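S.K.: Protein chains in written order, with this note's numbering: chain W, 1 to 402; chain C, 1001 to 1283.
Source of the hints: derived by calculation from the structure; they are not laboratory data. Any given hint could be a false lead.
Listed below are the simulated DSS-like cross-link pairs for lysine-lysine, each with C-alpha atoms no more than 27 angstroms apart in a straight line [as the list claims (entries may be wrong)]:
no.: 1; chain 1: C; residue 1: Lys1261; chain 2: C; residue 2: Lys1124
no.: 2; chain 1: C; residue 1: Lys1224; chain 2: C; residue 2: Lys1167
no.: 3; chain 1: C; residue 1: Lys1260; chain 2: C; residue 2: Lys1225
no.: 4; chain 1: C; residue 1: Lys1037; chain 2: W; residue 2: Lys396
no.: 5; chain 1: C; residue 1: Lys1275; chain 2: C; residue 2: Lys1261
no.: 6; chain 1: C; residue 1: Lys1167; chain 2: W; residue 2: Lys13
no.: 7; chain 1: C; residue 1: Lys1224; chain 2: C; residue 2: Lys1124
no.: 8; chain 1: W; residue 1: Lys396; chain 2: C; residue 2: Lys1069
no.: 9; chain 1: C; residue 1: Lys1037; chain 2: W; residue 2: Lys165
no.: 10; chain 1: C; residue 1: Lys1037; chain 2: W; residue 2: Lys173
These figures come from a predicted structure and were not determined experimentally.
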Amino acid sequence: MFTHFFFLLRAHKVPVSLTEWLALTEALAKGLALSDLSVFYALARAVLVKSEAYYDQYDQAFQEAFAGVESVAEITDQVWDWLNGDFDLPGLTAAERAALAAGLGGMGLDELQRLFEERLREQKEEHHGGSHWIGTRGTSPLGHSGAHPGGIRIGGQSRNSTAVKVAAERRYKGYRTDATVGVRQLETALRRLRQLSTRNDGPLDELDLDATIDSTADHAGLLHLEWRRPRRNQTRVALLMDAGGSMHPHINVCNRLFTALDRATHLKDLRRYYFHNCVYDHLYLDPTCHPRNSVPTARVLQELSRDYKLVLVGDASMAPSELLERNGIIWWSMANEEPGMEWLRRLDRHFHRCAWMNPVHERHWGSIYGRDTIALVRNVFPMFELTVDGLTDAVKNLMVRR
Amino acid sequence: MTDRASTYAGTSDYIASPELRQTVNVAVVLQRPLLIKGEPGTGKTMLAQSIAQGLGMPLISWNVKSTSKAQDGLYVYDTVQRLYDSQFGDGDVADISRYIRLGQLGSALAAEERVVLLIDEIDKADLEFPNDLLWELDQMDFTIAETKETVKAKQRPVVVITSNAEKELPDAFLRRCVFHYIEFPSEEHMRSIVLVHHPDLEERLLDLAMETFYWLREIPGIQKKPSTSELIDWLQALAIGGIDPEEISRRLPFLGVLLKKDRDIDAASFALRNKGATRAGGR
Ligand SMILES: Nc1ncnc2c1ncn2[C@@H]1O[C@H](COP(=O)(O)OP(=O)(O)OP(=O)(O)O)[C@@H](O)[C@H]1O
Ligand SMILES: [Mg+2]
Chain W
1 MFTHFFFLLR
11 AHKVPVSLTE
21 WLALTEALAK
31 GLALSDLSVF
41 YALARAVLVK
51 SEAYYDQYDQ
61 AFQEAFAGVE
71 SVAEITDQVW
81 DWLNGDFDLP
91 GLTAAERAAL
101 AAGLGGMGLD
111 ELQRLFEERL
121 REQKEEHHGG
131 SHWIGTRGTS
141 PLGHSGAHPG
151 GIRIGGQSRN
161 STAVKVAAER
171 RYKGYRTDAT
181 VGVRQLETAL
191 RRLRQLSTRN
201 DGPLDELDLD
211 ATIDSTADHA
221 GLLHLEWRRP
231 RRNQTRVALL
241 MDAGGSMHPH
251 INVCNRLFTA
261 LDRATHLKDL
271 RRYYFHNCVY
281 DHLYLDPTCH
291 PRNSVPTARV
301 LQELSRDYKL
311 VLVGDASMAP
321 SELLERNGII
331 WWSMANEEPG
341 MEWLRRLDRH
351 FHRCAWMNPV
361 HERHWGSIYG
371 RDTIALVRNV
381 FPMFELTVDG
391 LTDAVKNLMV
401 RR
Chain C
1001 MTDRASTYAG
1011 TSDYIASPEL
1021 RQTVNVAVVL
1031 QRPLLIKGEP
1041 GTGKTMLAQS
1051 IAQGLGMPLI
1061 SWNVKSTSKA
1071 QDGLYVYDTV
1081 QRLYDSQFGD
1091 GDVADISRYI
1101 RLGQLGSALA
1111 AEERVVLLID
1121 EIDKADLEFP
1131 NDLLWELDQM
1141 DFTIAETKET
1151 VKAKQRPVVV
1161 ITSNAEKELP
1171 DAFLRRCVFH
1181 YIEFPSEEHM
1191 RSIVLVHHPD
1201 LEERLLDLAM
1211 ETFYWLREIP
1221 GIQKKPSTSE
1231 LIDWLQALAI
1241 GGIDPEEISR
1251 RLPFLGVLLK
1261 KDRDIDAASF
1271 ALRNKGATRA
1281 GGR
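Please take these sequences and the hints and turn them into a complete structure.
M.R.: What follows is the structure in structure tokens.
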């Protein structure tokens, strides 16, 4: 069950490393969670999970691993078995297992076990009322009286089953980033459009005063100028957004992306245009997509240099003719000389880096109404789902240098 | 390591949840940095003060800026002063150690007693910044290249690191930390926090102000949700202004204390009108 927990965490895609697993083992061996499962719940989470985005997955793994477990002692027993055994963990590679054994060697097993048993004895003697730091009441920090601010019950009558029950409540669903979520998380994802752009790009044209002084001092006062890359962000983004009818169900997430981009003040420039289902020879300047308020796509391409990051947002779901045929454009009053596909390829050729964000989740791409055109569009642009994780991947992709 | 002196049990001016207290102690015992994340105003910075006070250790605060470099936290070599002294003949220029100034991390490691080191808002700096600190946080020592002197901590400082999640932190760094996410306080928890700051608040005023505060936070489209510190300031304004508690939800007095953006104030006023309309229409 203890080692199975490790396996379950990884199965739920919580990125737990061996370093962290060892830290948990050490903490357990040091007696940091002797008394009950709620303390173990919080301890393991603090040591193993490094973002609230994984709290929900942690809860799921915890619940699966420890449903039916009555006391922490059952777990710690297994920790010792494991420490005294072959350090095997389900799903470990041979190299990982070797690293683990090496890491554990340094812990001084005997000493640990002695400490642990001492701690256990003390705890039994002091029982509950004491003020020893692993007690379970009063001022004890590792104990747990009262309610968690967010509503997690720690302690209570049937202490040992509450931790699993609490985990089963899945209170942290909202923090997950693999589901579509709030502006704030999208903003965080977009911030990465800056970091990757500062270090490698741009000319060395800013005087580095500190380095100049150091260098001048090193040269006995002879002036030595040192230059560095400016820290200004160079990233510019062109956003092309599908405002067609099939996008209506996705309006909320698109709005959130917009708000996030609005607030992404670190961008050097942000241009936005709209299209209906596919890009043709005109781009619209507002989401009503009225020809009165449009510009020729060719002119946009002239205006925007190639280093703009092109981000298209759309469900890429349409009739194949809209993509493949002349005059395939959905408006009967309009005509296009070239098929939409040609325009998409032109965009791709013009911009160094492009990404297509699809509000339809990836698992549906092969099965929904638009699957044919989704496949066609994916031949041209790398496509990502419009979730925090998808956006993060897209941003990474956009920042790769060509 | 397990004596009472190194046990954190909260302090009278800071309300820490049992889980948070537990996590602090786990970090202290495992001697690993404690990484604290949470919305603005959830008491991340203040936690470090509370830990220092609770454990009876001095606090050294390092406020990270976008231009901060890891090296500056260790020490800076004041070459300019040395150059100046060499030209204007003041003091012993050959003694380089006179021109070494320890930074916050450097001071924490050089300290005689165990200290709490707060590295506040680590995500403000470059992505490289946390990685550049890995060695010192692991080994708790560093060498001053100019004097060849090695500084090694006599006792590992308790390291508290806060982040607003503006940037992702590197994995190698995260692996070494103990992590806690401070959730936005529930109404009940918030009450205890508020009472720390305003022990004599009239109950009716508190009730109605809290209700309006949480209502405001839920208005869709509010960009900068009001936080704990704003609530505390607002309650102060309401109390001093002698506002009739019943007026709070109707007029949203001193709204500017809670909401700082014009757009948010507009959104709140709009929501207020709507609320009034549904109430009038529904009854
Ligand atoms: N748990 C708490 N107990 C007592 N006071 C609190 C608590 N949490 C927040 N406060 C109050 O809110 C104020 C803001 O807290 P603090 O500056 O520590 O927040 P923060 O999380 O560091 O915010 P930021 O992300 O903006 O730096 C504190 O000065 C304090 O008055
Ligand atoms: Mg702070």
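S.K.: Need the status of pair Lys1167 of chain C, Lys13 of chain W: alpha-carbon distance at most 27 angstroms?
M.R.: 21 angstroms, holds
S.K.: Does the alpha-carbon distance linking Lys1224 of chain C and Lys1167 of chain C stay inside the 27 angstroms limit?
M.R.: 18 angstroms, holds
S.K.: Hinted pair, alpha-carbon criterion (27 angstroms max): Lys1037 of chain C, Lys173 of chain W. Please report holds or violated.
M.R.: 17 angstroms, holds
S.K.: For the pair supplied as a hint, Lys1260 of chain C and Lys1225 of chain C, confirm whether the alpha-carbon distance does not exceed 27 angstroms.
M.R.: Roughly 9 angstroms separates the two Cα atoms, so the pair holds.
S.K.: Just to be careful, I want the Cα atoms of Lys1275 of chain C and Lys1261 of chain C compared with a cutoff of 27 angstroms; is the pair within it?
M.R.: Roughly 21 angstroms separates the two Cα atoms, so the pair holds.
S.K.: Under the criterion that the straight-line Cα-Cα distance not exceed 27 angstroms, is the pair Lys396 of chain W, Lys1069 of chain C satisfied?
M.R.: Judged against 27 angstroms, a Cα distance of about 24 angstroms means the pair holds.
S.K.: Keeping to a limit of 27 angstroms between CA atoms, is the pair of Lys1037 of chain C and Lys165 of chain W held or broken?
M.R.: 25 angstroms, holds
S.K.: Between Lys1224 of chain C and Lys1124 of chain C, is the straight-line Cα distance small enough, at 27 angstroms or below?
M.R.: OK: Lys1224 of chain C and Lys1124 of chain C at ~19 angstroms, within 27 angstroms.
S.K.: Given the proposed pairing of Lys1261 of chain C with Lys1124 of chain C, does the C-alpha separation stay at or below 27 angstroms?
M.R.: Answer holds: Lys1261 of chain C to Lys1124 of chain C is near 22 angstroms, not above 27 angstroms.
S.K.: Given the hint that Lys1037 of chain C pairs with Lys396 of chain W, test it: the Cα-Cα distance must not exceed 27 angstroms.
M.R.: 23 angstroms, holds
Of the hints listed earlier, there is not a single one the structure fails to meet.
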